[in-house]
Structures are given as structure tokens and as C-alpha cells.
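Number of protein chains: 2
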Amino acid sequence: MITLTVLYGTPDDVEKFDEYYDGTHIPLARAVPGLEDAKVTRFLPGPDGSAPEFHLMAQLFFADAEAMGAAMSTDEGRALAADGANLGITPTMLVGSTE
Amino acid sequence: MITLTVLYGTPDDVEKFDEYYDGTHIPLARAVPGLEDAKVTRFLPGPDGSAPEFHLMAQLFFADAEAMGAAMSTDEGRALAADGANLGITPTMLVGSTE
Chain A
17 MITLTVLYGT
27 PDDVEKFDEY
37 YDGTHIPLAR
47 AVPGLEDAKV
57 TRFLPGPDGS
67 APEFHLMAQL
77 FFADAEAMGA
87 AMSTDEGRAL
97 AADGANLGIT
107 PTMLVGSTE
Chain B
17 MITLTVLYGT
27 PDDVEKFDEY
37 YDGTHIPLAR
47 AVPGLEDAKV
57 TRFLPGPDGS
67 APEFHLMAQL
77 FFADAEAMGA
87 AMSTDEGRAL
97 AADGANLGIT
107 PTMLVGSTE
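Listed in order, the protein sequences are those of chains A and B. Throughout, my numbering is defined as the position within the first sequence, counted from one, plus 16. Throughout, my numbering is defined as the position within the second sequence, counted from one, plus 16.
A portion of the hints provided could be inaccurate.
The list treats identical chains as interchangeable, and a pair is accepted whether it falls inside one copy or across any two copies.
Unchecked claim - Each computed DMTMM-like pair below joins lysine to aspartate or glutamate, with the alpha-carbon atoms no more than 20 Å apart:
{"id": "1", "residue 1": "55", "residue 2": "80"}
{"id": "2", "residue 1": "32", "residue 2": "82"}
{"id": "3", "residue 1": "55", "residue 2": "28"}
{"id": "4", "residue 1": "55", "residue 2": "115"}
{"id": "5", "residue 1": "32", "residue 2": "99"}
{"id": "6", "residue 1": "55", "residue 2": "29"}
{"id": "7", "residue 1": "32", "residue 2": "80"}
{"id": "8", "residue 1": "55", "residue 2": "92"}
These are computed hints drawn from the structure, not numbers from a lab.
Using the sequences and the accompanying hints, generate a full structural model.
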């Protein structure tokens, strides 16, 4: 599987970020044609209560690189990418191969 | 699911790291009792050929936080944690909840 991994740092307003992410951004992701699976990981504070280095990670799974490229070029893929700006954080985006 | 996410930066000797990771570290991880699933993602260079921010990500999945704590306290869990030093990189480790 080819995965698009998106790592978000801690937003200034966590509650607002989470609400928008869950209510708007995830539904846009799930609507992308060719998406095989999507996983969202919410990171917890460290054992000492410190904020984690990242707040949230999304993983979008595609059959292969060609499928990912095609999916992100659809209207739904473009809408998802454009909506990223509404989250107010520039995430770290990584393409990888997952086994 | 509770996940332990381990993010490794790019090692000085990628080939040596990958060989040790695949040959020794992954088998130690898979031997941990209570591990529900393990996924390894290898990140690819950016579209401009630049090195990705992280080289590799491991995700270890457990039923819940209690199961993760119990698993990492077993002999196999301790052996896995101890073997991390042989990889020559201090990774970013994050505990999270994955859906």
C-alpha cells in the first residue's frame, strides 16, 4: 500500500481544530475516490504530562502510487487538499510505502 | 486501538539501518505478546528528490493502554526496547489512539 501520512503539530485552539477536523476535513477525505482506507491517530500527552510532538496523524491508504495520484487529482481530492488551509496549521506530509 | 508510533529520522548509514531493522528489530517487535498488529512505513523522497523528514515509521497496535503497558513489561517487550539502542538513532515516540 502507498500511504499519504499527514502529521499536525499542536494547534493554538485544539478544540476548534478537532471540531473542524472531525466535522469537515475527515468527511472530505473519506469522499475521495480510490481511497482504500483512512486512519486517524490522536496522540496523548507524555508520561510526564508534556504535550506530544504531534497532535494528530492522518494516514490515507491507496493501492499504489498511480492510484494515489489519480485520487488526489479528482474534484474530491482537490477539495480535500484545498480544505487543508482551513485547519490553520501547515502539516508535515510524507508519502510512503506501508507493510 | 492504542498505538505506539515510532518515527525515525534519516540514519547516517541507511543500508545498515534498514538491514538491522528488518533482520533483527522487526522480529523482536513481532514477538511481543499482546501485540495486535504492526505496520512499518518507509517514507519516499519528496517530488523534488529531497530527503523526507522521517525515514521510517513503526506503529505497534494494542487493544488498550493496559495491554500496551503489560506487553512492554514482558521479557520480549523489554528486549525490544533495549534493542532500540542498536539502531543508533533516537526516534520520536508517541502513544496515541487510532481509529
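Cross-check of the supplied hints:
{"no.": "1", "hint": "55 x 80", "result": "both (17 Å within a copy, 17 Å between copies)"}
{"no.": "2", "hint": "32 x 82", "result": "neither (34 Å within a copy, 30 Å between copies)"}
{"no.": "3", "hint": "55 x 28", "result": "neither (23 Å within a copy, 31 Å between copies)"}
{"no.": "4", "hint": "55 x 115", "result": "both (15 Å within a copy, 6 Å between copies)"}
{"no.": "5", "hint": "32 x 99", "result": "within (15 Å within a copy, 40 Å between copies)"}
{"no.": "6", "hint": "55 x 29", "result": "neither (22 Å within a copy, 31 Å between copies)"}
{"no.": "7", "hint": "32 x 80", "result": "neither (34 Å within a copy, 27 Å between copies)"}
{"no.": "8", "hint": "55 x 92", "result": "within (18 Å within a copy, 27 Å between copies)"}
Violated hints for the displayed structure, listed by number in ascending order: 2, 3, 6, 7.
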